[in-house]
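Novice: The lines below spell out each chain.
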Amino acid sequence: MSQSVTLQRGQAVDFYGRLEEEVREHQSGAALLFLYCEGQPGTESCVQQFVDQLPGVETEVLRDESTGVLAVVMPGFTLDAAHYQALLLKQHLQSRLQQADPRITLAAIQEAPSMQTMKQMAETARLSISSDIHIFTEEDTGGAQSRILIVDQDKAVREFLQIRLTMQGYETLEAVDGLEALELIPKWEPDLVLTELNLYGIDGLPFIHHIQQLDMKHPPKIVVLTEKRVEQTISQCFQSGVDDYVTKPFSPVELDARIRRCLH
Amino acid sequence: MAVSALYFVIIMLSFRNIWDIYRRASYSKYNTLSGSELVPSVSLLVPAYNEELTITENVRCLMTLNYPTYEVIVINDGSSDRTLDVLIKEYELTLLPNPEVRGRLETKPVRGVYYNPQYPHLYVIDKENGGKADSLNAGINLSRYPLISSIDADSLLEKDALIRMARMYMENPEETVAIGGDVRIANGCVIENGAVKNVSLPRKMWPMFQSIEYMKAFLGGRIGWSQINGLIIVSGAFGMFRKDYVIAVGGYRGGYPGEDMNIIIKLHRYMLENKIRYRVAFCPEAVCWTQAPDTYNILSNQRKRWGRGNLKNMIENRDMVFNPKYKVMGLLTMPYNVIFEALNPYFRITGLLALLGYVMLDMTNWHVLLVFGLVNFLSGYLLSIGALLLEEIAFRRYTKLSDLVKMLLFSALKFVGYHQLGVLWRVQGHIQYLQNNNSWGTMTRQSWKDKKEAA
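As they're listed, the protein sequences go chains A and B.
Its first residue numbered 12, the first sequence is counted upward by one per residue in my numbering.
Its first residue numbered 46, the second sequence is counted upward by one per residue in my numbering.
These are calculated hints, taken from the structure and not from any lab test.
Keep in mind the model is a prediction, meaning the values are calculated, not measured.
Keep in mind that the hints are not guaranteed to be accurate.
Under the rule of at most 20 Å between Cα atoms (straight-line distance), these lysine to aspartate or glutamate pairs were calculated in the EDC-like manner [stated by the list, open to error]:
(1) A:K259 to A:D165
(2) B:K288 to B:E220
(3) B:K74 to A:D165
(4) A:K166 to A:E182
(5) A:K130 to A:E32
(6) B:K242 to A:D165
(7) A:K259 to B:E82
(8) A:K228 to A:E265
(9) A:K232 to A:D254
(10) B:K242 to A:D188
(11) B:K242 to A:E191
Start from the sequences, fold in the hints, and give me the full structure.
Specialist: What follows is the structure, encoded as structure tokens:
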């Protein structure tokens, strides 16, 4: 079992690695198309056939062995041109294969997107519920894959937040105390740190200060979720640059809203 | 015998109280309380004299307490080591140009106050050497909040300790003038990032004896004494006071050890003379872990100092003894302290001499002797067991079964040797008092880190 998992992962890495290379070759911009067609083994050759007749395109259709998602890089295509071709491709597939119901995600790219984004595009193609062509925009990347680091010494709070935020589509990680969090932040590069002020090892305010001192390309947003309701502490926190302050006991809906606002 | 009877009464009082303590410890919502604006703010005073080894860990611990509003004031009492440098380096402190000093208590000259806006709750006072009481007074002068709490630089507070104490204060803020905390021996525990991670008993013999002794004194004794408002001492390692009354009695008295007992006696005296209702409370669930001396020399120094301080305090306040004006304090606590604490060694020695005399003269038979000794031992042992029982009912800090067995064993061993040494040290302390020796004596510290490796 474990062996096959590693194998799949290896293939996945290989797929995205090759895709990335391919995208990099075309500096001037390209359209990236992901296609998924459930239960149709002949799709790959069909798509290849379609791609081959496109003018000025000499790319190979790539296939992710583990998920069956196909990817095509269309160099020089703008979004609307690519969209038109995608419509044609859909028609082509539907005429060739019986009961084909392809799901397509499309994006115009200037530079190579991160592997995370590409994975996400592939996922949206695979899991899409409508047969419309999905135009993948930056908003999709922002909303769904934001990383939130939860710092709280209370296990129950951590677990609750972790479950809730994961359900909201965030990627989460937990830290028990400030020192552990300070180690994790540069490694994991979260978009947002959700922290209690009352921590072991290092106090809340210095902890926030330390986060801001870290040498990072995109310093994380900081939202404080704490028992402390003293006005002075709250104003000190805002002075030192936290993005929001929520006191416990908290309303999860309100917290969601505040986190969403911080991230966009 | 009378001593034992009194001890039993006291421990009975402790037992009566333990159920309340247990309930309030388990049902109070300290977490919510610790964020509330309604909790009074506290200034923590940390006198430090040559504490370069333990001070960073101590301050780190104090900076991460679970408490809404507080400040930490470290008072460097003219240390000859690098205590001040260590702090300045660790917290990047700078000299405060115009420190706002409100208090008016007499102290040795203050050289400067250090501060870093990044750590808004930390102040470090650098002053010329003047002793522990003098340092505390300097701290009181700078403090901004209505409550003060004195904490030894070699001690670590549990995260909830302060809020637990404040909860007790808030029960009756008008009358509570002082609250003592429970002091435990940290030798043998694993310390990490300013917090006690793993509780376990000390490995060495001397700290082990002290561990039992402290437990007996704090749980068996002080809970009971506080019931009848007769506490005569709030440990210098961890206590909380109302600042207005501490200032009213003139602050801490300098120049002599035993300042922690002295301040409480002064408070008792002041409140009773002015006929103000008051209470000196003890809060056993607020735990402070302290380093116990682990060699014979240092321990004997400490005990001699205590003996000296105790005697001094008793002589200074001799007018309170058996004086009905001072109620429980005058009629019970003070006489108890004079007779059973200060003069205890002499009773023992005369008793022993008499016993020897009887034996020499062949006026006694071994049966009586044996029974007498056995009764003595058993009553003492029962008291220790009582304290242990209290611990197990309400606190359960020691979780390992082997620790429990070890505690029972050492409670018994204490009667052979350790008690006798205690008597000896006290007499030596009294001799020092007569010789007018009022030095503090050497206390060496071990870094908490070494401790961790040693444990």
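Novice: Does each hint hold? Answer for all of them.
Specialist: Structure-based check of all given hints:
1. Restraint check for K259 of chain A and D165 of chain A: satisfied, since their Cα atoms lie roughly 12 Å apart, inside the 20 Å limit.
2. Proposed proximity of K288 of chain B and E220 of chain B is supported: the alpha carbons are some 13 Å apart, at most 20 Å.
3. Between K74 of chain B and D165 of chain A the alpha-carbon distance is near 14 Å, which keeps this suggested pair within the 20 Å criterion.
4. The hinted pair formed by K166 of chain A and E182 of chain A meets the criterion: a straight-line CA distance of about 18 Å does not exceed 20 Å.
5. Taken as a hint, the K130 of chain A and E32 of chain A pair is honoured in the structure, with Cα atoms around 15 Å apart against an allowance of 20 Å.
6. A threshold of 20 Å between alpha carbons decides the hint, and for K242 of chain B with D165 of chain A the separation of about 16 Å falls inside it, so the pair holds.
7. For the suggested pair K259 of chain A and E82 of chain B, the alpha carbons sit about 13 Å apart, so the restraint of at most 20 Å is met.
8. At roughly 29 Å between alpha-carbon atoms, K228 of chain A and E265 of chain A are farther apart than 20 Å, so this suggested pair is violated.
9. At roughly 6 Å between alpha-carbon atoms, K232 of chain A and D254 of chain A fall within 20 Å of each other, so this suggested pair holds.
10. Pair hint K242 of chain B plus D188 of chain A holds up; C-alpha atoms about 13 Å apart against a cutoff of 20 Å.
11. A distance of roughly 16 Å separates the Cα atoms of K242 of chain B and E191 of chain A; the hinted pair therefore holds under the 20 Å criterion.
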